[in-house]
Amino acid sequence: MLLSVQDLTLARGGVPVLTGLGFTLEAGQALILRGPNGAGKTTLLRCIAGLQSPIGGAISGAEETIAYAGHADGIKAMLSVRENLQFWAQVFGKGDIAAALDSYALHPLADRLAGTLSAGQKRRLGLSRLLVTGCPIWVLDEPTVSLDVDAVSMFAAAVKSHLATGGAALIATHIDLGLEAEVLDITPFRAHADHYSGTSDEAFL
Amino acid sequence: MLLSVQDLTLARGGVPVLTGLGFTLEAGQALILRGPNGAGKTTLLRCIAGLQSPIGGAISGAEETIAYAGHADGIKAMLSVRENLQFWAQVFGKGDIAAALDSYALHPLADRLAGTLSAGQKRRLGLSRLLVTGCPIWVLDEPTVSLDVDAVSMFAAAVKSHLATGGAALIATHIDLGLEAEVLDITPFRAHADHYSGTSDEAFL
Amino acid sequence: MIALLLRDLRLAFRAGGGFGLGLAFFLIVTTLVPFSVGPTAELLGSIAPGVLWLGALLACLLSLDRLLALDYEDGTLDLLLTAPLPLEAAVSVKALAHWLTTGLPLVLAAPLLGVLLNLPPSGYGWLVVSLALGTPALSVIGTFGAALTVGIKRGGLLLSLLVLPLYVPTLIFGAEAARRGAMGLDPSTPLVMLAGITLGTIALMPFASAAVLRMGLR
Amino acid sequence: MIALLLRDLRLAFRAGGGFGLGLAFFLIVTTLVPFSVGPTAELLGSIAPGVLWLGALLACLLSLDRLLALDYEDGTLDLLLTAPLPLEAAVSVKALAHWLTTGLPLVLAAPLLGVLLNLPPSGYGWLVVSLALGTPALSVIGTFGAALTVGIKRGGLLLSLLVLPLYVPTLIFGAEAARRGAMGLDPSTPLVMLAGITLGTIALMPFASAAVLRMGLR
Amino acid sequence: MMPDLGKYAAEVLSAYGASLVLLAVLLAVTLRRGRAARAGLAQVEAEAKQETQKDG
Amino acid sequence: MSIWSYANPVKFLALSAKLQPYLWGAAALCVCTGLIWGFFGTPDDYRQGSTVKIIYLHVPSALMAINAWFMMLLTSLIWLVRRHHVSALAARAAAPVGLVMTLIALITGAIWGQPMWGTWWAWDPRLTSFLILFLFYLGYIALWEAVEDPDTAADLTSVLCLVGSVFAVLSRYAVQFWNQGLHQGTSVPVATGGRTVDDVFFVPLAISMVGFGLLFVALVLYRTGTEIRLRRTQALRTRMERGL
Ligand code: HEM
Ligand SMILES: Nc1ncnc2c1ncn2[C@@H]1O[C@H](COP(=O)(O)OP(=O)(O)OP(=O)(O)O)[C@@H](O)[C@H]1O
Ligand SMILES: Nc1ncnc2c1ncn2[C@@H]1O[C@H](COP(=O)(O)OP(=O)(O)OP(=O)(O)O)[C@@H](O)[C@H]1O
Ligand SMILES: [Mg+2]
Ligand SMILES: [Mg+2]
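Residue numbers (this note's numbering), protein chains in the order written: chain A, 20 to 224; chain B, 20 to 224; chain C, 14 to 231; chain D, 14 to 231; chain E, 135 to 190; chain F, 523 to 766.
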């Protein structure tokens, strides 16, 4: 079991968003999060990635094993595609970026400045970063935004091979990813107004 | 005929992207642009909206009749949803924003600061802006990014009623919009490397 | 038009909108001057008009990077360009909003800061007059600079660099008028020149700014 | 760690990266000073060390808003936070990169600008020494300010407001050392104080910056 | 009644005047903000109560 | 019951509502007595003439300007360590009061300086330190205003207050080194053990100082209440808007 989440309660902007959420993620498993706009998917993923703390419950197994990809790709416009990837490879202590370039067919673009890519090409670069982190758990927020059909299947292939090597993935999305995976709908866990404990404005209610 | 485009040639970053593209848009018609990442959809839409000029060909019918919505929504985080919409309504000389709020179910969010919306909620606000412009032609770049299923159907309904009142829409997207409309695949119009005339570096080639 | 002005003012007064920051910056720079050049009263008095003009100019300069860049980043500028507004008017309105939220407070606060720098008593009136005449030009020229750098990420420093040379004539005449006023001489010639610069830039710069903006966003 | 330093340096040298802008700003401000205070040689000579210090400080200040904000805007900061790097070290490396691209060039260029302002000959050496000792503190303190304002859109002016008061001790000792040097007095006491401030801030500020960054991004 | 302030009357009086004005402004702003906060809170609490009654 | 229980907003509001009438009354009494006695009932100084009357405003406000910062430092620490909201809000409430006190000290000092030193302003260490304190207040308040999330704002301003205090002390030494000035040394007995001010002046001065202290406490209590109410309003509003 790579990641386990128990009885999690989350707040955003001082308001509880989700309560009582729990799930586990095994090696080789992908879990797809679904829920309407504003349900709290982004909040949940940021929390699991350690960018925000939960107001209740426990997350275990998430230390330094998580590669997070959010709405912003962390791409430097003035570095080439190759330099962008190389930087992250060095930060995560891995040297080789050829495999990552391959998976998203980025070789033809490798020496372009990242700022001159189209929206979908940028996203491909952002996703290829995951392959150089070497982290077992991927936490992805709407990864296929702006991707065309080919690129979506590249993504699906990358996720599959990640799972095959014992990794796991947690993905929030509204659209079809071309992946077979379990789906977790977070709608039932939406919080109610009378849920106070732990929120930052608890004392004032 | 609201908009007609003939033999258009476009460049981005000094490199030709599309050539010989032509189509017409009638009142009541929606046209969906498709093409792989980097094909030039965004470039084409920006050009039709007048944000960039073509290097060849002609666009007719596009003066002050176009409402453009790109990747960025033009939302001010520190104004409320209502204030954001009201501003655009005033700029375009229309007073009433209630209908726009209705179409995207924004009434419950109307007094929230726009900065505290989730990704999909922001997008709904961005799309509702189209309804207060009163422009007959909508030019939209991947409008349904981050939208959940309900919101996509709100969008489809909004487009349909816009078409029914004599408007037209030109939409670039990779995913299904829930709309029945003609599709224009721009892949055949991609420019070749030997297409020079009119690009900004023509003189140097 | 008025909608745009009101929106800009409202945004400036909202949390994080930056109203008053220019003023505070002006205050700080003025206090830093004695720390760096030493506390001698006569020395300070003799450089006071120049320092106050320079401080006002820097405060104006630093607030420029919010003028158009925020609208560019969130896409508002693209949308404004496709809206049925003449861009020249939009640019002028933005410059006006900038002056109201930055230049005007500086003009009003300058005499107080004059006290800190031992400005000679005869100088106060002329300092205010010269700033009131000169700061609108700073806003209008600054809008041009902001339009030039609008596509550039965090172009604040570049913006300063482009705008500073354009500010030189305004600074020279403004500081000269204030200095003559402080020394009890007749400041009317530089003041007239200053007024001329301001009127000229108000009349012409918006066209340049709008043109540059159209080019930059292409 | 080294990857981060190299990336920051490389970005600074790329087009639009801002290397040299600080220097150019320093140059322009220094040249504007004679325009605003008048061209008398003795007056200029006596304020020269102070003006150069103030100019260097402002040039440092203006380049701060790129230090963390660019990384915040494009999401890099979020990713760095989830990467296996201690944040304190990352913050120190960023401050170092800032000093190498901004502070160091200023130190090297200051004597040249001294010529423009009639700096007395005895002053050059001490000016350079005091700047070399003081500018690292400016970068480190500035990183703290940048971390405080990182979540704020276009917080450049607020950043200046927060950082300038923190710069006061450094400025006082630095300018005092340069001034004493220029007047032929013994500048060792202020220089020792300056070195103390620099060492202290380098040792302690990264912890404050990292803490503040964690709070702000939460 | 009024003490003889001698040649420094202007200084003393303006010092007292300025300080008292500043204090008064601070007090006024404080009170106004306090009143507004009370009123705002009362209104929200009333709305909240209505809401719960509607639901219940 | 420990003192921390008053960190609960409701308890705090209840207690401060009980205390406030007395505090306001005592503050008004002391400030009025001190000032009126000082203004009408004290003789002129043989050197300073009637300007000595400014002391009844100048010294108390200067004292409170510094004390307000100390209080903010303390409450900021409490917030960082124990995360009591009231503590953070009290710091926020105190800052503008401190700012005004600093301003009063500066203005009365400047007005006093004109007859005594022949100048409104001199770059004397004491005065300069106060100017720097003023700048710190400005930055602190600006940061509170600029950050949207209230808890983040509390965190960031608290750290700024800590770091700022260190730099304020450093600045003070720097300024003293930079310029030895004109301002007289302290003569308040708490600080030195002896005193240089005559009793005739001292008694009303002491009353006025106590008055300013009480006024500060009353203002901060009232303003903290306001901040609490605003925070509660916002909390309730947000929840209602979310339809939760
Ligand atoms: C803007 C200018 C001034 C500022 C910021 C200022 C600040 C202060 C401060 C902070 C104190 C409290 C010292 C303490 O109790 O330890 C003080 C006390 C005092 N100040 Fe000033 N001062 C200023 C101008 C003046 C002037 C012009 C005079 C009169 C010549 C003056 C006379 C005094 C006296 C008599 C005290 C009481 C000292 C004592 O405790 O014996 N101050 N001032
Ligand atoms: N900065 C913020 N301050 C206050 N509330 C916020 C903020 N950001 C988001 N929210 C609210 O928190 C809730 C959860 O937001 P979140 O972004 O997690 O939703 P999401 O499931 O990712 O939605 P989407 O599918 O639209 O991206 C929403 O109701 C949203 O309005
Ligand atoms: N700023 C730029 N400078 C140079 N070339 C660019 C720039 N932006 C985009 N391009 C290139 O121009 C081409 C067309 O880009 P465009 O953004 O129009 O594609 P698109 O069809 O919108 O793709 P997507 O589906 O990924 O959004 C691409 O090959 C892209 O790499
Ligand atoms: Mg989301
Ligand atoms: Mg595109």
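There could be a bad hint or two in this list.
As the list claims (entries may be wrong) - When the alpha-carbon atoms are kept at most 20 Å apart in a straight line, the in silico EDC-like pairs for lysine to aspartate or glutamate are as follows:
{"id": "1", "chain 1": "A", "residue 1": "Lys-141", "chain 2": "D", "residue 2": "Asp-87"}
{"id": "2", "chain 1": "E", "residue 1": "Lys-141", "chain 2": "F", "residue 2": "Asp-566"}
{"id": "3", "chain 1": "B", "residue 1": "Lys-141", "chain 2": "C", "residue 2": "Glu-86"}
{"id": "4", "chain 1": "F", "residue 1": "Lys-533", "chain 2": "A", "residue 2": "Glu-221"}
{"id": "5", "chain 1": "A", "residue 1": "Lys-113", "chain 2": "A", "residue 2": "Glu-102"}
{"id": "6", "chain 1": "A", "residue 1": "Lys-141", "chain 2": "A", "residue 2": "Asp-213"}
{"id": "7", "chain 1": "A", "residue 1": "Lys-141", "chain 2": "A", "residue 2": "Asp-121"}
{"id": "8", "chain 1": "B", "residue 1": "Lys-141", "chain 2": "D", "residue 2": "Asp-87"}
{"id": "9", "chain 1": "B", "residue 1": "Lys-141", "chain 2": "B", "residue 2": "Asp-130"}
{"id": "10", "chain 1": "A", "residue 1": "Lys-141", "chain 2": "A", "residue 2": "Asp-169"}
{"id": "11", "chain 1": "E", "residue 1": "Lys-183", "chain 2": "A", "residue 2": "Asp-213"}
{"id": "12", "chain 1": "A", "residue 1": "Lys-141", "chain 2": "C", "residue 2": "Asp-21"}
{"id": "13", "chain 1": "E", "residue 1": "Lys-183", "chain 2": "A", "residue 2": "Asp-169"}
{"id": "14", "chain 1": "B", "residue 1": "Lys-141", "chain 2": "C", "residue 2": "Asp-87"}
{"id": "15", "chain 1": "B", "residue 1": "Lys-179", "chain 2": "B", "residue 2": "Asp-121"}
{"id": "16", "chain 1": "E", "residue 1": "Lys-183", "chain 2": "F", "residue 2": "Glu-763"}
{"id": "17", "chain 1": "B", "residue 1": "Lys-141", "chain 2": "F", "residue 2": "Glu-670"}
{"id": "18", "chain 1": "B", "residue 1": "Lys-141", "chain 2": "B", "residue 2": "Glu-201"}
{"id": "19", "chain 1": "B", "residue 1": "Lys-141", "chain 2": "F", "residue 2": "Asp-671"}
{"id": "20", "chain 1": "F", "residue 1": "Lys-533", "chain 2": "E", "residue 2": "Glu-179"}
{"id": "21", "chain 1": "B", "residue 1": "Lys-141", "chain 2": "F", "residue 2": "Glu-763"}
{"id": "22", "chain 1": "A", "residue 1": "Lys-179", "chain 2": "A", "residue 2": "Glu-201"}
{"id": "23", "chain 1": "A", "residue 1": "Lys-141", "chain 2": "C", "residue 2": "Glu-86"}
{"id": "24", "chain 1": "A", "residue 1": "Lys-179", "chain 2": "A", "residue 2": "Asp-195"}
{"id": "25", "chain 1": "B", "residue 1": "Lys-141", "chain 2": "D", "residue 2": "Glu-55"}
{"id": "26", "chain 1": "A", "residue 1": "Lys-141", "chain 2": "D", "residue 2": "Glu-86"}
{"id": "27", "chain 1": "B", "residue 1": "Lys-179", "chain 2": "B", "residue 2": "Asp-169"}
{"id": "28", "chain 1": "B", "residue 1": "Lys-141", "chain 2": "B", "residue 2": "Asp-169"}
{"id": "29", "chain 1": "A", "residue 1": "Lys-141", "chain 2": "B", "residue 2": "Asp-92"}
{"id": "30", "chain 1": "B", "residue 1": "Lys-179", "chain 2": "B", "residue 2": "Glu-201"}
{"id": "31", "chain 1": "B", "residue 1": "Lys-141", "chain 2": "A", "residue 2": "Asp-92"}
{"id": "32", "chain 1": "B", "residue 1": "Lys-141", "chain 2": "B", "residue 2": "Asp-167"}
{"id": "33", "chain 1": "B", "residue 1": "Lys-179", "chain 2": "B", "residue 2": "Glu-45"}
{"id": "34", "chain 1": "B", "residue 1": "Lys-179", "chain 2": "B", "residue 2": "Asp-167"}
{"id": "35", "chain 1": "A", "residue 1": "Lys-179", "chain 2": "A", "residue 2": "Glu-82"}
As the list claims (entries may be wrong) - According to the in silico footprint, chain A covers these stretches of chain D (three or more CB under 8 Å from chain A):
{"id": "36", "region": "21–34"}
{"id": "37", "region": "86–92"}
{"id": "38", "region": "95–104"}
For the record, the hints were derived by calculation from the structure and aren't laboratory data.
Since the structure is predicted, the reported quantities are computational estimates derived from the model, not experimental observations.
Cβ coordinates follow ideal geometry from the N, Cα and C atoms, glycine included.
CA of Lys-141 of chain B to CA of Glu-763 of chain F, is that 20 Å or under? holds, 16 Å
Lys-141 of chain B and Asp-130 of chain B were given as a pair; does the straight-line alpha-carbon distance stay at or below 20 Å? Within the cut-off at roughly 13 Å; holds.
Restraint status (C-alpha distance of Lys-533 of chain F to Glu-179 of chain E at most 20 Å): Within the cut-off at roughly 18 Å; holds.
Per the coverage rule (Cβ-Cβ under 8 Å, at least three residues), is the region 95–104 of chain D covered by chain A? The restraint on the region 95–104 of chain D holds, since 4 of its residues have a Cβ under 8 Å from chain A and three suffice.
Is Lys-141 of chain A within 20 Å of Asp-21 of chain C, Cα to Cα? This hinted pair is violated, its Cα atoms lying about 33 Å apart.
Does Lys-141 of chain B pair with Asp-92 of chain A here, judged by a C-alpha cut-off of 20 Å? holds, 19 Å
Would the hint linking Lys-113 of chain A and Glu-102 of chain A be met if the CA-CA limit is 20 Å? With a Cα-Cα distance of about 14 Å, the restraint between Lys-113 of chain A and Glu-102 of chain A holds, given a limit of 20 Å.
Would you mind confirming whether the straight-line C-alpha gap from Lys-179 of chain A to Glu-201 of chain A stays at or under 20 Å? holds, 13 Å
Quick check: the region 86–92 of chain D, covered by chain A? Criterion 3+ residues, Cβ under 8 Å. With 6 residues closer than 8 Å to chain A, the region 86–92 of chain D meets the three-residue bar; holds.
Tell me if the straight-line CA distance from Lys-179 of chain A to Glu-82 of chain A falls inside 20 Å. violated, 23 Å
Holds or violated: Lys-141 of chain A with Asp-87 of chain D, Cα cutoff 20 Å? Measuring from Cα to Cα gives roughly 12 Å; hence the hint holds.
Does Asp-167 of chain B lie within 20 Å of Lys-179 of chain B when you go C-alpha to C-alpha? holds, 18 Å
The earlier numbered hints that this structure contradicts are 6, 12, 13, 18, 25, 35.
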